[in-house]
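Colleague: Following the hints, complete the assembly by docking chain B onto the known chain A.
Protein chains in written order, with the numbering used here: chain A, 184 to 843; chain B, 319 to 640.
Note that these hints are calculated values from the structure, not bench results. Note that the structure is a prediction, hence the values are computed from the model and not measured. Think of the CB as a built atom: it goes at the ideal place given N, C-alpha and C, for glycine as much as any other residue. Please note: incorrect hints may appear among the correct ones.
Stated by the list, open to error - Which residues of chain B face chain A? A partial, calculated answer using Cβ under 7 Å:
hint: 1; residue: Asp363
hint: 2; residue: Gly527
hint: 3; residue: Asp529
hint: 4; residue: Ala536
hint: 5; residue: Pro551
hint: 6; residue: Asn552
Said to hold, decoys possible - Footprint (simulated), chain B over chain A, 3 or more residues, beta carbon under 8 Å:
hint: 7; segment: 271-280
hint: 8; segment: 352-364
As the list claims (entries may be wrong) - Computed Cβ-Cβ distance ranges for the label pairs, DEER-style:
hint: 9; chain 1: B; residue 1: Ile413; chain 2: A; residue 2: Gln271; range: 22 to 32 Å
hint: 10; chain 1: B; residue 1: Val391; chain 2: A; residue 2: Glu330; range: 23 to 33 Å
hint: 11; chain 1: A; residue 1: Gly645; chain 2: B; residue 2: Gly527; range: 28 to 38 Å
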Amino acid sequence: MAAPLLEISDLSVTLEDRAGGAPRRLLDGVDLSVGPGESVGLVGSSGCGKSMTALAAIGLLPPGARATGSIRFAGEQLLGAPERRLCQLRGRGIAMVFQEPMTALNPIQPIGRQVAEGLRRHFGLGRAAAAARAEAVLARVGLPAVEVSPKRYPHQLSGGQRQRVGLAIALAARPALLIADEPTTALDVTIQAQMLDLIADISADDGMALVLISHDLRVVAESCDRIAVMYAGVVVEQGPAAAVVGAPGHPYTRALFGARLASAPEARGAGCPFAPRCPEVMARCWTAGLPWGVVADGREIRCHQKNGDRPRFSSGKTWSVAVFPVPVFLGGQRPLTSRGETLLAVDSLTRVYRPPHAAVDTVSFTLSRGETLAIVGESGSGKSTLARMIVALDRPTSGRVRLLGRDPYHDRRLRRHVQMVFQDPYGSLDPRWRVGRIVGEPLDLPKAERAARVAAALAEVGLPADAADRYPHAFSGGQRQRIAIARALITRPDLIVADEPVSALDLTVQAQVLALLSALRATAGRSFLVISHDLAVVAQIADTVAVMVHGRIVEYGPAQAVLAAPLHPYSRALAAAVPRLDPGARRCGRRVTATPRSADRTASDAAGCRYAGRCPDAVARCRFEPPARRPVGDGREVACHLVDAPVPGGSPGGSPGGSL
Amino acid sequence: MPAFLVRRLAGLIATLLGATVVVFVVLEILPGDPALVMLGVTADDATLAALRTEMGLDRPAVVRYLDWVAGLVTGDLGTSQTYGVPVAGLVGERIAVSLPLALIALTLAAALGIPLGVVAAANHGRPADAAVIGAAQIGVAMPNFWLAILLILLFAVELRWVPAGGFAGWEAGAGEALRSLALPAVALALPQAAILARVTRAAVLDQFGHDHIRTARAKGLSRTAALIGHAVPNALIPVVTILGLQFSFLIAGTIIIENVFYLPGLGRLVVQAIAQRDLIVLKTLVVLLAGAVVVVSFLVDLAYAGLDPRVRLAAAAPGGAA
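The shape of chain A in the complex, shown without the other chains (with noise of 0.2 Å):
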């Protein structure tokens, strides 16, 4: 290998604590090498020291952190250098893209300007020059200005296009190193997929060396030649990408694969971090420092086991269950021919707030008692709308949403029969409020009586009784949203409707709470619609699926059956979008994508099919005429003019997994 561009060697950082004491280690000795042209790949959950790595790298740690050890940038020691000298490396050498693309553009200034300014800044270009360059590179990740004019805002731009610009504010100077900072974890999964292979292309074009920073495993193991891991501020295991993931040796690498840790690192003492919650913890592991073991096939693991003499997996069930999105049912699938009591009935429910465009468009489906129907589409699909209406937070526009045969809006007394459990359990919970008093709330009991229900709730979440004193912020993300599911539990509800309940956790996180929503299903009667983005959420908990696309169901039908062999032309491409655990697979241009590169304009022809402007397969009749839904057999219904075989035989397509 050529001598490293980036070489981060024995890197530790510390925090200073505010209150005066002692300062807090966040990175811990970090080793970390990338060669010129390389892609590597940073993983470990929320906290573990990732994006401290990648601050650090650019000499932009935040106020009060102390930096010690080497990082070297072609061999120029950056630690200490003076702060003109990063001026001139920040966009030209190292350049980086984060993670928030709602936050990270100025809103008040025109893109094509936020793309010049470090053509200016690093060229010396003039205003109009560096404008015309700016217009190329935005161009060249998407933007070209014929389409997206670089005299829009910000604010003017969704998602997706807003992180192309902070693609382009990067590349803008052509660096030697990119590093993206999650660069796609606020993105949907279609418009994911995209960015990492415009990321993927744009690296291997210009033989641009790339650090892709991810909690995701799945991302980076389809983009990246090598992969790091990171836990708690230290690398634990790094090595070839195909090395790693077809036999991870840390017991930490292999728990992410199983997904089910929770996800906060604490404290640690000499030992390795990870000791407390390794299933294979050793006398050793609390006190002796952690030796790097080199294995043979090029990767390095940090653990006083000889893992990488025998790599084995500490079990294969968990190994599916929770990073692949292979339809594994934790739940019994019941069969939708033994349907019960109709619970829930949407008759044509439209919703319009800006005439003409509908936010949810005559959307007719029925949820029986015990059922768990899962809405699956992209943000601004109506999902979150239809929800609202449903749990009568939202009137609609005509159509009927009837709970146990009344109407929610008008009859207050059903209210009780429907909770909701909203995404984001940081904002959703009230600060000053205890726990016991957020969960009871809804309750007209006696004192004694509601601590008891109280205390029965959240023990049926998994939380211990005294929670109930304490106050939010005491409780991780993965507590809180399980504080959330305790409130909506109170009231004994016969549906609990769940926004997204699980995208704002971390994915070992998401991996608890699911399984908490899957064995809360078990309980007679009580029926759940989950809304969520993400297809291997769905996989887990659903009966039913719904695939939403601009206000419409255009797939509905028997959850196995629908992700195993999704018909419906987005049904494929959301499939097609997961990432999966496939190393190298987008540089090597083996993945297949579904979805155009235009996939995150939203193109919605009202006289025809929603989709069409997006869609593949489109023919001349999809833009005049919209699709009915109707049935295809195996009790599924699909509304697309190019799917009119019923699906034979009428079991669940294929082995699971097939498809996915």
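Modeller: This is chain B only, laid out in the frame that chain A set:
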């Protein structure tokens, strides 16, 4: 943009009309005979009746209101009861003092407060920051009339640079007139500058925490370049809000300051009109002051549109920018 302007202008006119209605109702319709108020309880019935006829109080309220509003529009504001001169001329003379005073004070406050706030934010936690915060604390705490007295003692009594009070008049030349206005303007401006410095500092520091500043730094901009190019323009949005609110305080401030400096401005006219129960002058003045506040908030709206494309474009295409 024109649609946006038309909408805001319509709002402006509606607010002004609302102000005239409130003033009219409060001063003329509410219990209490305006003629009795003006003449005092000792006035005899014949004088009262004569004044009522002169003021047109025997006509219906709607007619009187329309008459008055028409007068406001055409500039025929009636004759002052105490001065015996047309109200329009009287008010015009006083505006020539008060408007320059308020504008100079506002400019001074902005020119002093905003840069100090930026400097404090750029040197967050360092001595320059502490100095600005300390000075601003004193400035906010100090009443402007007391500051005015201190300024008179130093610059007029001790140093004799400027007159202690009175107004030379614009006929005496702009230099002389401005010399008369210098101390009152500074006395008005300093407390407002202190508030602006604090608001600006907080707004810039808030911007520093935003992700787009990190993006700017990652492009290779120095800290100062990111501050000037990205943090300050964004921070000006809340600052302009405060600036607009301050204009109302400045108007209230002129009432006190003009009395301390013995300036023949609107503020003193208000006090005199109240003391002498000159209702005709008073209602014109109240509408004028309300109008000034409304016009300033209109200007603030325009400034928002200039500073923030989200406001400008949302206003230009309602519902278009999602």
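Colleague: Against each hint, give a clear statement of whether it holds in the structure.
Modeller: Consistency of the hints with the structure:
Given hint, B:Asp363 at the interface with chain A, is violated; its Cβ is 64 Å from that chain's nearest Cβ, farther than 7 Å. For B:Gly527, the suggested interface contact is broken, since its CB lies about 10 Å from the closest CB of chain A, more than 7 Å. A least Cβ separation of about 4 Å between B:Asp529 and chain A falls short of the 7 Å threshold, and the interface hint therefore holds. Hint on B:Ala536 holds. Least Cβ distance to chain A is approximately 5 Å, under the 7 Å limit.
Hint status for B:Pro551: holds, given a least beta-carbon distance of 6 Å to chain A, under 7 Å. Restraint check, B:Asn552 versus chain A: the minimum CB separation of about 6 Å is within 7 Å; hint holds. Closer than 8 Å: that is the beta-carbon criterion, and the segment 271-280 of chain A has 7 residues meeting it against chain B, so the requirement of 3 holds. Residues of the segment 352-364 of chain A lying with their CB closer than 8 Å to a CB of chain B number 4, which satisfies the three-residue condition for coverage.
The supplied range of 22 to 32 Å is broken by B:Ile413 and A:Gln271, whose beta-carbon atoms lie about 56 Å from each other. The supplied range of 23 to 33 Å is broken by B:Val391 and A:Glu330, whose beta-carbon atoms lie about 51 Å from each other. For the hinted restraint 28 to 38 Å between A:Gly645 and B:Gly527, the CB-CB distance of approximately 35 Å keeps it satisfied.
When the structure is compared with the earlier hints, violations turn up for hints 1, 2, 9, 10 and for no others.
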